[in-house]
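Required output: the full structure, derived from the provided sequences and hints.
2 protein chains.
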Amino acid sequence: MNEFELIRTHFQRDPLDPSVVLGVGDDAAIVSQLSDYETVISVDSVVAGRHVPQICPPDGFAARLLGRGLSDLAAMGADPKYVLLSLTLPTFEPGWVDHFADRFHKLCVRFGLDLVGGDTSRGPLSAHITVIGHVPKGSAISRSGLRSGDDLWVFGSDLGGARAYLDVLDGLESNHEVWAERYWRPEPQLVAGLSLRGMASAMIDISDGLCQDLFHLLDNSVGSATVKLQSNLIPFCDDLVDRFGLEKALEYALTGGDDYCLLASIPPGLEVPGCGRRIGMVVKGESARILLDGKPLPSKWQLGWDHSR
Amino acid sequence: MNEFELIRTHFQRDPLDPSVVLGVGDDAAIVSQLSDYETVISVDSVVAGRHVPQICPPDGFAARLLGRGLSDLAAMGADPKYVLLSLTLPTFEPGWVDHFADRFHKLCVRFGLDLVGGDTSRGPLSAHITVIGHVPKGSAISRSGLRSGDDLWVFGSDLGGARAYLDVLDGLESNHEVWAERYWRPEPQLVAGLSLRGMASAMIDISDGLCQDLFHLLDNSVGSATVKLQSNLIPFCDDLVDRFGLEKALEYALTGGDDYCLLASIPPGLEVPGCGRRIGMVVKGESARILLDGKPLPSKWQLGWDHSR
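Chains as they are written, first to last, in my numbering: chain V, 172 to 480; chain U, 172 to 480.
The hints are simulated quantities; they were obtained by calculation from the structure and are not laboratory data. Don't take every hint at face value.
[To be verified] Derived CB-CB ranges, DEER-like:
id, chain 1, residue 1, chain 2, residue 2, range
1, U, P224, V, D464, 54 to 64 Å
2, U, G456, V, L187, 28 to 38 Å
3, V, L205, U, R184, 43 to 53 Å
4, V, R281, U, R281, 39 to 49 Å
5, V, S470, U, N173, 17 to 27 Å
6, U, L343, V, P261, 20 to 30 Å
7, V, K308, U, S345, 55 to 65 Å
8, V, S395, U, S315, 55 to 65 Å
9, V, N173, U, N403, 26 to 36 Å
What you are looking at is a predicted structure, and each value in this text was computed from that prediction instead of being measured. Heads up, the beta-carbon is just placed ideally off N, CA and C, and yes, glycines get one too.
Written as structure tokens, this is what we have:
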């Protein structure tokens with residue numbers, strides 16, 4: 172099967188949305204966008220041997236790829252519309268591609284996403300997606316705007332499970348379904364993202380670890396600010412405290428990457444959607460930018476995940 | 172230098188166009204599009220060891236990447252607006268990244284393109300770009316619409332030079348500046364593309380070889396059609412005939428990939444832009460779909476370049 176047949180068989184589908192004027196199969200796709208809306212765009216990659224193990228399940232590869240990309244749209248409060256996929260495969264294994272494409276399309280249907288562009292080549296396994304969404308003009312939520320007085324909230328799954336799963340991969344822990352689920356099938360918090368338009372003062376998705384992503388919000392705060400986190404409010408993933416003890420569980424929940432929850436600052440007194448959990452508050456800037464139960468973060472914590480390492 | 176510093180230093184620039192509401196540096200970019208326009212989108216990749224040699228010059232890598240991507244917009248008659256880059260680097264060599272980013276930004280400025288999204292990771296060298304352009308509603312030129320009676324034209328550089336350069340890389344030929352230029356710095360035919368709106372009945376860019384790309388136009392023709400090519404009208408790249416003889420030069424010009432000219436069918440009697448060269452005509456379908464000087468294409472020709480091979 173050559174490139175054209177592969178694209179035709181696995182990646183060409185009838186568009187879901189009438190805004191797709193021309194889909195996969197020409198030099199480029201054409202989409203027609205609503206006036207009074209702005210376009211929100213992000214690019215993400217999953218490289219085998221780097222973001223995921225060298226050999227990995229095709230459905231997990233697809234789910235993590237789309238989860239990661241859509242989480243960026245969720246963090247802007249955007250509605251997903253289109254996706255473009257550039258896939259590099261070491262060999263053409265029909266079974267692997269079948270399963271990958273199957274999961275990819277199922278998730279596209281679930282999230283109302285049209286695949287409008289594809290590129291395939293031979294090479295070390297990696298996939299790169301561009302996700303495109305939209306928001307009513309002026310209503311996107313950026314990383315800028317956190318200010319003292321706000322509360323700090325997380326939306327979506329509990330924290331630290333994806334990080335704990337790396338210990339399973341390293342053979343340090345026995346298999347654990349929930350952690351594997353968090354790692355391979357991250358759930359982009361699109362509904363929560365939409366519901367926070369006009370409410371969150373700033374928002375980011377937790378991809379590099381809660382504290383590291385929080386630093387990005389603090390870097391863009393209005394005036395100097397310090398965040399006070401409360402350990403008793405942190406929503407831990409299943410069995411994290413039992414297996415590792417509270418101290419290590421906190422480290423995993425606050426510094427482990429790949430949770431893909433949303434982290435938002437919200438002025439007090441607003442009616443926050445039910446899936447949100449308040450984990451702390453923002454005060455005027457002090458010497459430390461993040462305090463945990465009133466103390467600076469432990470210096471031995473490896474803060475966050477640097478994808479370029 | 173970690174991922175964030177790398178992006179900040181090398182890939183964050185002030186937007187050129189006021190339509191960029193929010194550029195690189197947040198979860199996603201926000202752009203505001205004109206009403207009465209449609210958005211044109213394409214994704215492309217350059218994988219080292221596959222599309223280019225394993226070790227390759229950073230400025231050539233950047234120029235070929237953007238040339239390849241923008242050529243898809245040219246082939247739709249679209250105006251380029253935005254680009255997103257996902258870059259995978261085996262190691263962080265400041266000199267290499269400097270040169271790559273420098274050439275990338277210079278070309279962005281030249282083509283009026285804003286870099287609105289970036290992702291970097293460690294891994295085998297590859298780059299994936301999504302290019303986004305626009306056209307007044309309904310004016311994009313697709314691959315569908317070629318019909319008998321049309322003339323067949325190429326726009327842009329001469330043909331076969333990029334293919335001949337592969338012989339230089341393989342050590343079969345001595346260095347040749349023009350061929351190297353065609354390979355490393357393909358010129359996307361954006362101006363020609365724009366000028367063909369409302370004129371070309373169908374268009375494609377020559378990335379996989381003239382004949383193979385012509386088959387895509389024939390696959391989407393209105394009614395059955397055969398293209399009659401005339402070898403005396405083919406614009407050969409410098410020295411192709413002298414070095415290889417006419418027969419081999421024709422093979423390179425008609426089947427070699429990576430020329431990134433435009434191939435368009437145009438009804439007769441129109442005033443075609445000066446940079447165009449007529450290379451044949453479309454007649455009612457015969458048993459062969461392409462005839463060269465009245466004969467079927469030589470069966471020994473390896474037709475086109477399959478990027479998934």
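Status of each hint after checking the structure:
1. P224(U) x D464(V): 54 to 64 Å: 56 Å, holds
2. G456(U) x L187(V): 28 to 38 Å: Holds: the Cβ-Cβ distance is about 35 Å, inside 28 to 38 Å.
3. L205(V) x R184(U): 43 to 53 Å: 29 Å, violated
4. R281(V) x R281(U): 39 to 49 Å: Distance hint for R281(V), R281(U) holds at roughly 41 Å.
5. S470(V) x N173(U): 17 to 27 Å: 18 Å, holds
6. L343(U) x P261(V): 20 to 30 Å: Check passed, 28 Å falls within 20 to 30 Å.
7. K308(V) x S345(U): 55 to 65 Å: Holds - the Cβ-Cβ distance for K308(V) and S345(U), about 58 Å, lies within 55 to 65 Å.
8. S395(V) x S315(U): 55 to 65 Å: 59 Å, holds
9. N173(V) x N403(U): 26 to 36 Å: 32 Å, holds
When the structure is compared with the earlier hints, a violation turns up for hint 3 alone.
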